[in-house]
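Could you put the whole structure together from the sequences, leaning on the hints where they help?
Chains as they are written, first to last, in the numbering used here: chain A, 855 to 1535; chain B, 855 to 1535.
If you're looking for bench data, these hints aren't it; they were derived computationally from the structure.
One or more of the hints may lead you astray.
Just so you know, same-sequence chains aren't split out, so a pair can sit in one copy or run between any two.
[To be verified] Straight line, CA to CA, 27 angstroms or less: simulated BS3-like cross-link-like pairs of lysine-lysine:
no. : residue 1 : residue 2
1   : K941      : K1484
2   : K1480     : K1245
3   : K1218     : K904
4   : K1158     : K1480
5   : K1313     : K1342
Protein chains: 2
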Amino acid sequence: MSGSAHPMDGEGELSAADMSSPRQTNTPFVHKVEVPPKQSLFNEFMYTFKETFFHDDPLRHFKDQSLSKKLMLGLQSVFPVSEWGLKYNLKMFRGDFIAGLTIASLCIPQDIGYSKLAGLNPKYGLYSSFVPPLVYAFMGSSRDIAIGPVAVVSLLLGTLLRAEIDPTTSPNEYLRLAFTATFFAGVTQVTLGFFRLGFLIDFLSHAAVVGFMGGAAITIALQQLKGFLGIKKFTKKTSIVAVFQSVFSSAPHGVKNNSVFSTVSFTFSISSHVCHCLQWNWQTILISISFLIFLLVCKFIGKKSKKLFWIPAVAPLLSVIISTFFVYITRADRKGVKIVNHLDKGINPSSLRLIYFSGDYLAKGIRIGVVSGMVALTEAVAIGRSFAAKKDYQIDGNKEMVALGAMNVIGSMTSCYVATGSFSRSAVNFVAGCQTAVSNIIMSMVVLLTLLFLTPLFKYTPNAILAAIIINAVIPLIDVNAAVLIFKIDKLDFVACMGAFLGVIFASVEIGLLISVGISFAKILLQVTRPRTAILGKIPRTSVYRNIHQYPEATMVPGVMIIRVDSAIYFSNSNYVRERIQRWLIDEEEKVKAVSLPNIQFLIIEMSPVTDIDTSGIHALEDLYKSLQKRDIQLVLANPGPLVIDKLHVSNFADMLGYDKIFLTVAEAVNSCCPKQSDEV
Amino acid sequence: MSGSAHPMDGEGELSAADMSSPRQTNTPFVHKVEVPPKQSLFNEFMYTFKETFFHDDPLRHFKDQSLSKKLMLGLQSVFPVSEWGLKYNLKMFRGDFIAGLTIASLCIPQDIGYSKLAGLNPKYGLYSSFVPPLVYAFMGSSRDIAIGPVAVVSLLLGTLLRAEIDPTTSPNEYLRLAFTATFFAGVTQVTLGFFRLGFLIDFLSHAAVVGFMGGAAITIALQQLKGFLGIKKFTKKTSIVAVFQSVFSSAPHGVKNNSVFSTVSFTFSISSHVCHCLQWNWQTILISISFLIFLLVCKFIGKKSKKLFWIPAVAPLLSVIISTFFVYITRADRKGVKIVNHLDKGINPSSLRLIYFSGDYLAKGIRIGVVSGMVALTEAVAIGRSFAAKKDYQIDGNKEMVALGAMNVIGSMTSCYVATGSFSRSAVNFVAGCQTAVSNIIMSMVVLLTLLFLTPLFKYTPNAILAAIIINAVIPLIDVNAAVLIFKIDKLDFVACMGAFLGVIFASVEIGLLISVGISFAKILLQVTRPRTAILGKIPRTSVYRNIHQYPEATMVPGVMIIRVDSAIYFSNSNYVRERIQRWLIDEEEKVKAVSLPNIQFLIIEMSPVTDIDTSGIHALEDLYKSLQKRDIQLVLANPGPLVIDKLHVSNFADMLGYDKIFLTVAEAVNSCCPKQSDEV
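Here it is as C-alpha cells:
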C-alpha cells in the first residue's frame, strides 16, 4: 500500500459516519484499504487446510494438557462412553431404561419387516439390532439416536443386491454379497470420518433428501402390497408401474395374459379388477386393514398427547402378539394367510468368512457398500444433528461417521447388514426420555433375549401384520409440509426434491439418488457460474448504498454507476461478471441518454461480497478497466476484502488502477467521484 | 414486513451516517429491511433462465423493430459479414491484405507440420487452412482471429486417434475416424453455442489452461525430436519418459536391448550416449539447428521492433524455401535427410462419405470429437476475447461457438480436420494490421493457390525444417511469467496449473486435461463448501465495521459479537457456516472470560454478502437461533439481501426471530444492542 495517495495517519479520517459534517472539503481524507499482514505460504496453506478439514477444531481440548490428560482425552474422543459413563447415575438410567424398552418393542417387528425389504431372512434384521447398537453406545456421541436397520437403506441395499444376484436361486451368494457390502459401507464411513471428508455428504441437499425419502417411503409401502394383499407372485422391480402391474395381474385368472394392457389402462379399469381382487387372500386383507387402522389410531392418540407417546410405540408389538395369537388359534395359515414360519434361535454367528475379499463380487460389494454407506450416513448424521440442536449439544460429524462405520464393520463380521440411525425410533427414543446411548444398550439386550428365547413365538406371525407395521412406519417419511416449504423458499430446490421423488417412484432408488445428486450439483454450478450483481443507490438522508431493486426509494448518483458483485470472482464466473457489468453500463447509458442526464463518468464496484479473486478474475478486471478507459469511464473499487486487496496488490492491478481509486466504503468512493453529492446528505 | 416494529414512515430514520448526531436516543429509529416486491413464479423463473443462458441479452437489438428490420438483424447475427461487409472499404482491405499474406506465409509450413502431429498426410493440414477460414469469415464475429489447424489440438487429436487405430496399419480407418471426430467436434461446438451452454468451457480455468498449454508445447517439441534428429523409429507415446527412451535407443547399436535400464539411468548415462548420438543423421541435425537459430534470431528481432513484425512472420516460409532448395541441390535426401516427398496437387476432395455415421467407430468418433472440440473452443474463445478486449469490441461467445462449429462441420465434409483459432498466427494477424475477417479470406486464397500449383515444390522440403518451425512456434505457449503470476496470486490455481503441466508431460494430454478439469472442479467445490467468515470490529471514529484481521485497529464492541458470512448459505455449506459461527462464539467467550469483560449477549450476523439462502440454510439459522437462545444470546441480522429477506419471511424464520432484530446496517444493529456505543463515535 506504499502507493496510497492518502496515507493513514491515525487521525483526521472521515468516514461514512461523518462525511456530512462541516469539515467536509472537496478532497476529503479517506481511509485506506489495508493490505493484511502477509502470511507465509505455509501458514496460508495450513489455514485453508484447517478450515477445510478441521474447521471444528477437534483437537482444541488437547492444547496445553499433560501427556496423561491427552491420553485420557484421546480415549474419550474415540470412546465417548468413557466421558459420560463416569457421570452416569440412576436417574439417567431410569430414563434410558424406559426409552430402551420402548424402542425395543418398536424395533423387533420393524426389523423382521425391513430385512425382507433387503431380501434377507428376518433373523438378520434382529441380529442387526443387537451388535451395532452395542458398538455405537461405546463410540457414538449422539445421545438420542436409535441404531438398527432402517427402511430406506434396507430397500436400497435390497435393490442394489438384487441387481447383481437373484436371492431365490443363489441365496448363499446373495447373503455373502450383503455382508461384503455392509463391510465396505462401514469402511466407507470410517474412511470419510477419519479423513474428515464428512462434508461430502452435505452435497446431498436437504431438498433432495426430502424427495428421496418420500419416494422411498411410497416405494416401500407399495412393496408391502405383497404381504398386505397376500399376493404370491410379485415383481422384483420397485417402480410404481411394475408394482401395480404385479398387483392387478396377481389374480389366478384374468389380466395375466395382457398385463401390458392392464398397466396402460390401469386408471380406466379399476372397476373391472374388483373381481380379481376377490382372489387375493381376503383373510390376509382383513388382518392387514384392521391392524393398519389400529396402528394409525394409536399414532393419532400419540400425537394428541405427548404423555401417551408409548401407545404408538408399543402398538406394533401388541399387534404382532394379537395377530400371531389369532392366527395360531384359527390356523388361518392353512387358509392362505402367509406367516413368518420358522425363525432360528440363537445369537449372531460369525460371518467374517462369508465376506468376499477377492473375486468378481468384491468390486460389486464395494460399489454397493459405498452407495448404501453414504445414504446411511446421510440419515444418521441428519438425525444426530437435529436432536443435538434440540438439546443444544455438539456433535462432531466426522467422529460420528467413524463410530457408525466401526459399528457396520463389526456388524458385517457378526451377520448384520447395514445399520444406521432410524428417524422414527430416534424420535420415540427422544420423547420417551432417553438420556444417553444406554437406551441403545437396553434395546440391544431386549433383542438379545428375543433372539435367545422368543424367536419361535414369531412362527405364526402373519406377514400381513409386518406389512401394516412397515406402511405405518414409513408414512411420516412422506413430508408434504417440508416439500411445500421448499416450494415456497426455493424453486430449484423443489425441482431437485421432485426429481428425486419421481425418480425413485417411477424408475428406481438408484435413479432417484442419481437425479437428486445431479440436480444438487447443477445448483452448485449455477451458483458459481452466475453470481448475482446489483445496482446500488443511495438511501435518502443516509450515506448507505443499497440494491435499488430492494429499496425503491434509493436513488442513483448522477454520473456514477455503483455495481455490487455478490460472489468471489473465479475462473468459473469471471467472464460472466465482466460482461454483466458491461451490460449494466450499456443499459444505464441508454437510459441516461434518453432523459439527457449527465454521462456516466465513474463505475464503482462494491467489492464487499467479493471474498476472493483468482487469476482469471484479475484478468477480467483488467479487461474491464481497459474497455472502460476507452470510453472515458473511471473504474473505482470500494471495500475489497483482505484476500482481494492482497491479490490486486501482487498482480499489480492495484498499481494500474491507482491506489487512490480504492476506497473503504462506497460512500467515500462516491464522495471522491462527485464531492457535491455529500452536501445533499 | 407487516410485523416490523419500526415502520418506515418516510422520515426521521437515522442511519450509519448520522447516528452520532444529538438526536440519538436509547431507542433509535431504524430503517426497516425491505422485502422486495413479490415476483410471480413465472417472472422469477424467466429471470434466472435469462441470466443463466441469455445474460448478454443477445436479442436486445430485436426489440421494437419492424419485421423486415428483424429479418435483417437475424441475418446479420448469423452472418456478421452482412453487417461489416457494407462498411468495408479499400483502406481496410489494405490492412487485411498485408495481414492475410503474412499469416499465409506462416501457416503453410505450420500446417504441414501440425498435420503430422495429428498423424495425417500434410495435405490435410493445408486443406484445413482453406475451407474453415472461409466459413469463419462469413459467420465469425472476431476481427483478429486467424483460423486453421493448431499445434495443441492436432496433438490431442492425434493422441486420441492413435489410441483407437494404428495409422500405419489402417491409414484409411484412421483418416475416416479423424473426419468423424472433426464432424462431431463441430456438432459439439454448434450445440454448445446454440443452447447457450458456452459457459461450460469456463470450467477449464485460466490456470489449468496455462499448465495444459505449457505441457502440450513441451510434448510437441519433444515429438519434433524425431524430425529434428532424423530418427527413424520413434515412440508413439507422448510422455517425456517414452520420448527420451526413444531418442537414446534410436542408435543402431548399443542400448536398444536394455532400454529400460537406459531410462532409469538416463541422467547418469548421457555421456555414454554421446557415441550413439553420432549415429543420428548429422546432416539433418545440421539443418535443424542452423534454421532453428535463424528462426529464433528473427523472433528476437521482431520482438525488439514492432515495425519488423514481418521478419519472424516470413522467416518460416523463407527457411522452407532455402532448405528445400539446398536439399534439392545437394540431394541430401540420399544421405538420409528425410523429406516431405510427394504432396498431392488440387483442392479439398469431398469427405462426407468417409464420416462414420454408424458402427463401432461412431461412438469413438463422438468421444474424440467432444474432447477435441471443447479444447479447440477454449483456445478460440480465449483468443477472440483477448483481442476483442484490446480493440474494445464485444464478442458473443455463444455465437462464436456456432461459427466455429459450423466451420468444422463443413470442414469435416471437405477433408479438413479440426481447425480453430491459432494463438501465434492471430497475434501476427493483429500486429500486421488486420481489420476484419477478410485477412482470413486472403490467407485462404493463398493456401488455395499453393494447393493448386505449388505443392510439388514441397517435395524436397526436409522434415527437419518443419520440426524446427514447430519447435519455434510452440515455445511461446510455455508461459513461465503467467505461471509465476498464478503462483503469486493463488496457490491452489498453481497446483491446478502444475497438475495439468506435469500430467501432460509425464502421462498424456488426456490425463493432463483430466487433472486440470478435476482440480478446477475441486476448487469450485471448496469454494461452495467452505465459505469465509470474518469477525467485524468498529473502525475508530466511524461507524464502519470491518474485518478485524484486515484492519487491526478495528475494535470489537463489548458484549456484542459481529460475524460476517461471505457467501450464499446453501445446503453445501449450511452446516459448516453454523458450526463455524458457533466456534467463533466459543473462542470469543473463552477470551472474554479470561480478561473478565462482559459476557456476549448479542450475535450480529452481517448478511450483506449472503446473496441467497435455501431451505438447508434456513434450517441452519433456526438451529443456531435455538442454540443461542439456550445460552441467552440474542441473534441479530444486519442487511439481508432481497432474496434472503424474502425467504426468511416466507419460511417464518423472520417471525420467529422478530422483525425488530433485522437491521439495515451493522451500525444500527449494534446501536440497538448497546445504545451507549454510539456515544463513543
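Going through the earlier hints one by one, which of them does the structure break, listed in rising order? Result: hints 3 and 5 break, sorted rising.
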